[in-house]
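Asker: Given the sequences, and given the hints that come with them, work out the whole structure.
In order, the protein sequence lines correspond to chains H and R. Residue numbering for the first sequence follows this note's numbering, starting at 32 and increasing by one per position. Residue numbering for the second sequence follows this note's numbering, starting at 32 and increasing by one per position.
Any given hint could turn out to be false.
Remember, identical chains collapse to one label, so a pair may be satisfied in a single copy or spanning two.
To be verified - Result set (BS3-like, lysine-lysine): computed pairs, CA atoms no more than 27 Å apart in a straight line: (1) LYS67 <-> LYS168; (2) LYS191 <-> LYS91; (3) LYS85 <-> LYS56; (4) LYS42 <-> LYS67; (5) LYS168 <-> LYS56.
Rather than coming from a laboratory, the hints here were simulated on the basis of the structure.
Protein chains: 2
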Amino acid sequence: MNKYVITPLEKLSEHFEKLPGIGGKTAKRLAYAVLKMPHEKAESFANAILEAQKNINYCKKCCNFTEKEICDICGDTSRDSSIVCVVEDPRDVLAIERTGEFNLVYHVLHGVISPLNGIGPEQIHIKELLERIKTEKIKEVIMATNPTVEGEATSMYISKLLKPLGIKVTRLAYGVPVGASLEYADEVTLSRALQGRSEIV
Amino acid sequence: MNKYVITPLEKLSEHFEKLPGIGGKTAKRLAYAVLKMPHEKAESFANAILEAQKNINYCKKCCNFTEKEICDICGDTSRDSSIVCVVEDPRDVLAIERTGEFNLVYHVLHGVISPLNGIGPEQIHIKELLERIKTEKIKEVIMATNPTVEGEATSMYISKLLKPLGIKVTRLAYGVPVGASLEYADEVTLSRALQGRSEIV
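Answerer: Printed below as a string of structure tokens:
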């Protein structure tokens, strides 16, 4: 379309465009910003990409990202390692940690079962979870996948695998978000909130 | 705040956060996306950053980014090089080129005069523009800086330098954007659109 193409700039912009949530225009903006960086900054940016990939691996226990063999959360002996919270993504761990109220450990699936996208149970870290159930003393598994169709299905799939092993499997509560207005809550959320109502004492 | 920090991930995320329009959460999302890339992809991303910086420089004539000494637009002999359109940013060149209607050349300032941000006339490529006026046969300079306070001021500053040299200096027309609704136009735009009204023939 445009006959005045600056190849290295286009290439860089294509790389940015492959990142999630970055469209064509933003990718161009970012590529131009990189061009305008002082050379040391750009070099250290490129290095950070390589370093992150080289030095970060999956925790042998919970499959979260870590620089070590066992991540800091799994290695924290003050935590109750008998309660495992199963999440889709490493960022979900950070979100739950931010509540600052729960002293449990995690298991990161790195995805959800999604047949439409060709992701089956083998593609996410379910096998490692089953392995942990066998070798560790786990009393409760909290399913904290996203409240989406795929998150639900993954949660159901895993709980069906765990139930026969005599483990308590729980799910995050559904309900109206704190601070939100009922008017804007969708029917499904509202009906779940009513079903899950609790007595005021 | 968070005591479970993965240093290489934090570093990478800080680099993303320095880019324009990228906040803390997006930076984290991008850093995680880089981690999940296949190794070759991440390597080629890092290389693209270094290559772009190494191979791209300013066009000797118009100061736009180019891989060569003279950019493709300045080197295009079919263009009318007596009309120079002055823009703030290389992306503005692409925007004007997309209209496909003008066969002129450009001059990229790479910024605007902005005393509050410590950017004076010496920090942007005005000197190079004056140099071109002396050596090239330029009849008209179109000021196409953004219609912001700083864009305006820069445009005024440059036109005051050029007028004594006997060069025709013009400015982009102000008015209501095509397809927009008058109701939503601000007073200044509307009053400029009225001032600049033209007869229907």
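Asker: Hints first: check each against the structure and report whether it holds.
Answerer: Quick rundown of the hints versus the structure:
With identical chains, the CA atoms of LYS67 and LYS168 are never at most 27 Å apart, being 54 Å at best within one copy and 30 Å at best between copies. Only within a single protomer do LYS191 and LYS91 lie at most 27 Å apart by alpha-carbon distance; the minimum there is 24 Å, versus 68 Å between protomers. In this homomeric assembly, LYS85 and LYS56 come within 27 Å of each other (Cα to Cα) only across copies, at 23 Å, whereas the closest approach inside a single copy is 30 Å. For a Cα distance limit of 27 Å, the shortest separation of LYS42 from LYS67 qualifies both inside one copy, at 16 Å, and across copies, at 20 Å.
In the homo-oligomer, the alpha carbons of LYS168 and LYS56 never lie at most 27 Å apart, since the shortest distance is 51 Å inside one protomer and 35 Å across protomers.
When the structure is compared with the earlier hints, violations turn up for hints 1 and 5 and for no others.
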